[in-house]
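A.B. asks: Below, each chain spelled out in residue letters.
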Amino acid sequence: MTSIQVQGLTKRYEDVVAVDNLSFEVDQGNVTGFLGPNGAGKTTTLRMLLGLATPTEGTATFNGRLYRDIVDPIHHVGAVLESTNFHPGRRARDHLRVICVAAGLSVDRADAVLEKVGLTDVGDRRVKGFSLGMRQRLGLAGALLGEPEVLILDEPANGLDPEGVHWLRTFLRSYADDGGTVLVSSHLLAEVAQTVDDVVIIAKGRLITESSLADLAHQATPGVWVRTPQAELLRDALVAQGTSAEMQTADSVLALETTTESVGLIAAGAGVVIYEMTSQHFDLEEFFLELTTTNGGVR
Amino acid sequence: MRKLIRAELLKLRTTRMFYGCAAAALLFVPLILAISIQTAGHKDAGPALTTSEGIRNVMSAAASGTTIILIIGILIMAGEFRHNTATSTFLVTPDRKRLVGAKLIAATIVGAGLAMVASLVTLVVAVPWLAAKDIHVSILSADVGLVLLAAIAASALYAMVGVGVGSLIRNQTAAVVVALVWVMVVESLLVTLLPDVGRWLPGGAVAALTGAATRDGGLLPMWAGGLLFAAYGLGFAATGSRFVLRRDVA
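Taken in order, these protein sequences are the chains called A and B.
Position one of the first sequence corresponds to residue 1 (the working numbering), numbered consecutively onward.
Position one of the second sequence corresponds to residue 1 (the working numbering), numbered consecutively onward.
Bear in mind the hints are in silico, worked out from the structure with no lab data behind them.
Mixed in with the good hints, there may be bad ones.
In the SDA-like style, the derived pairs of lysine to any residue whose C-alpha atoms are separated by at most 20 Å in a straight line are [said to hold, decoys possible]:
#, chain 1, residue 1, chain 2, residue 2
1, A, Lys128, B, Lys3
2, A, Lys128, B, Leu10
3, B, Lys3, A, His75
Quick list of simulated restraints, FRET-style, between CB atoms [claimed, not checked]:
#, chain 1, residue 1, chain 2, residue 2, range
4, A, Asp27, B, Ala238, 36 to 46 Å
5, A, Lys128, B, Ala34, 51 to 61 Å
6, A, Leu256, B, Val244, 49 to 59 Å
Beta carbons: idealized from backbone N, C-alpha and C, even for Gly.
Just chain B, same shape as in the assembly (with noise of 0.2 Å):
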């Protein structure tokens, strides 16, 4: 298992494709960072920042690349079949389960070190920036430190969904395209249609791990939203190797 694990990262490393997803990811960050904190207090934005939630929603720019990162998943499985190296792939490893065993064990292992950088760039950019405007933030708080844990354990989860998306749907541009409408459209609308389902959903479940201040209320607690979303990665990584990724390669 460790070898695959091993020469799925190495898959990722020899393709410009994942640098440019990777770059794109973290380039939000430093983005995100500043219009929270120039807008923070304001009338319609976040809250001030001289209050803890202020303080979480700037840290929570650590998590703004999961939508890409999420794409980083679909890659890592989908992008099998969009160049056809499953040939090559299965030939090499024709146990599908292990297969994707490794790639997801792979993509989170991306996924949490994309977020690690990400979250090392929010510090770098927001704490001093903070203490010119002579607020003063402590890594170890938990508006600080426990945000910044849980866009890692979201950023991790993400990729993991990202490579269960893509086992289930092999066409990569179709797998990108049902995700980000899932996310982006269909997720909101039944939240606003059926508020009682929202929680339940992948969307619900990782907004009560990142605490997303747009869904406040009905959310799980943090650690079930975790569970829920990571279940949800896995459900989709074993329901696509046990049914799509046997089906006949061309």
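Bound-form chain A, shown alone (with noise of 0.2 Å):
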């Protein structure tokens, strides 16, 4: 079951798409993370999909309803898109009890969802003294007051200590086990990688690639790389062993999901010669700027 859809998603601003008709969905109990270079259009994307900004095609959902047409919002939709959103003059504890107050929930879960993030100890202390990680702590207690089925988090680990991410980590797990769904933005996969299910990928406002954490693994799978002047009679040996391969150059040939004692095997089989052999390893984060720069075009 899907929790939030968007479709055709477009923004435009005067000389400049942020967002090019961007499709995708959500699905409920699963953490999705929502991935991209810096300036692929994710917070403009995030802001469409909460209201924020008015999309100039398409729509961005949760469950069919737009943010604007959901009564009382934060009782279904928890949302932290930056760490400044406070009054520096407030005390923590009276931001929240002001949210409690609009949203007509008690007053006494300020000092609960202060206590989840951990900041119980300076709820009294006026935010402008708060360290960026304590703010991202602060509009994370925000977004928890309504006990929201959905939480849309914009960069949450940017300011949070490593100690802090672990926490995190832990934290969208266990809301996610509990049934709840996370759409976590981040420009670095590695950040999310232990921590999301599926992967929502964009690079100048347009989609990438959208599956699963595992399926983008398999896509990254790794391989061996070969250099030869026999390029195409290996390739050929290869597929009739059974094995996946492609011609990367003329003189070069990718095989996939192998070993180079698989391939020095068949390459002497077959009388190639082979001037260079490189194992090439798995790294998500590597082929995530792959993805990001070769078909978005960034840098």
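Work from the hints to combine the two standalone chains into their complex.
C.D. replies: Encoded structure:
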């Protein structure tokens, strides 16, 4: 069952297309990583989803409903977009109490979420003295007030120390295990790779891929790269032996899901001369970088 | 709506800025009172204390914090964009019209509340002081009661107009500057150049309500001035929530 639907979403500013005909879905009960380089349009997409920006075209909905049309939305959707959206002179607990009052929640919820994010001791301090990491936690506390089914977090790991990142991972995992849906954006795949079930990757406002993390890892599967003057002959020999292989250039071949030993044996059997052979290591982050640069052409 | 109004009032009560503004608005009252009582009857100053106009002039000190109350109104709305708290506020209340409605009502409550305190200060300071000059006034007289009621109404409406201005001009500093320049420069210029237009402008309308001595002649009746001033506030707020607050927030 899907929880968030984005369909043909487009945001055009005067001369820039920030989000370009973007469509994807987020499944209920999963943690979905919303990934792309800086400037890919992630924040703009999330802002449109949350009714803070108006799409030029297309829709972004929660179970078919626009955020603006949900009554008391923070009971259903919790969102943390920036680390700066607090009044610097207001105390952390008061910031949360204001939200409680506006949403018709008991003000006791403020203390409950402060404890959940580990800010109980600083609840009476004014926000201007808070570090970026503390602001991220306070933002998350605000998102959790209404005990929502969906959490939307924009680059939540920014400003968190390693211990904070670990805490966030554990938290998101248990939130999803309890049936919650999470959409978490990041410009680093590695940051979320341990947490997410699915990924939505965008670059230059366009969808690059939408898949489960397992499928992405499969696409980024290791292989063996070979430089040889008899590239076509080697490829045919590999394929004949049941190893998938493809030409990289006129004099190089990439064999997938295999080892250097296996490729070496097949090459010897076919009498192919080898100049160079390297094992391609599995690196999701590199694959991510390749995906977002070659398809999106940002760098 | 009720919870939104309570939330807006809580927002004010949890920042020092509000207390500073409120204190400043109230500090003007004894200051203006002292000046108007001491100078009453002198040449180029207010009318003598023995006249009805003189008493009205003294009592109108209760409305001397209105400019600061206008600024409080602006802060209630434009302040959301100053610290980017608008994001959080709009996430809790996506309906801009409901939000502005709650802010208008909260501002009106705050404006009226401050003016009630200002009226009390006026009475506490002015009545014994005047009595010492052997001038006895009754709170129930039109010269006292009506002037104080008008000051309370004007203050409530000033706060409302402030919210309207803040929703038209999202930049807090710009909104405050525009409002002050309008109040202090533009409107008095327009009144001098086009006297017939003056009564229909916001300043003319509120002057009719408070019976400000500087602008006698040509003003609307008191009730009409109050209604017109309220219409300005609501008009600004409606326009702002329809066209300005719907714009994307950064």
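A.B. asks: Give a verdict on every hint.
C.D. replies: Status of the hints after comparison with the structure:
1. A/Lys128 with B/Lys3: 27 Å, violated
2. A/Lys128 with B/Leu10: Holds, at about 19 Å.
3. B/Lys3 with A/His75: Given that 20 Å is the threshold and the Cα spacing comes to 15 Å, the pair holds.
4. A/Asp27 with B/Ala238: 36 to 46 Å: About 42 Å separates the Cβ atoms of A/Asp27 and B/Ala238, which means 36 to 46 Å holds.
5. A/Lys128 with B/Ala34: 51 to 61 Å: 38 Å, violated
6. A/Leu256 with B/Val244: 49 to 59 Å: 56 Å, holds
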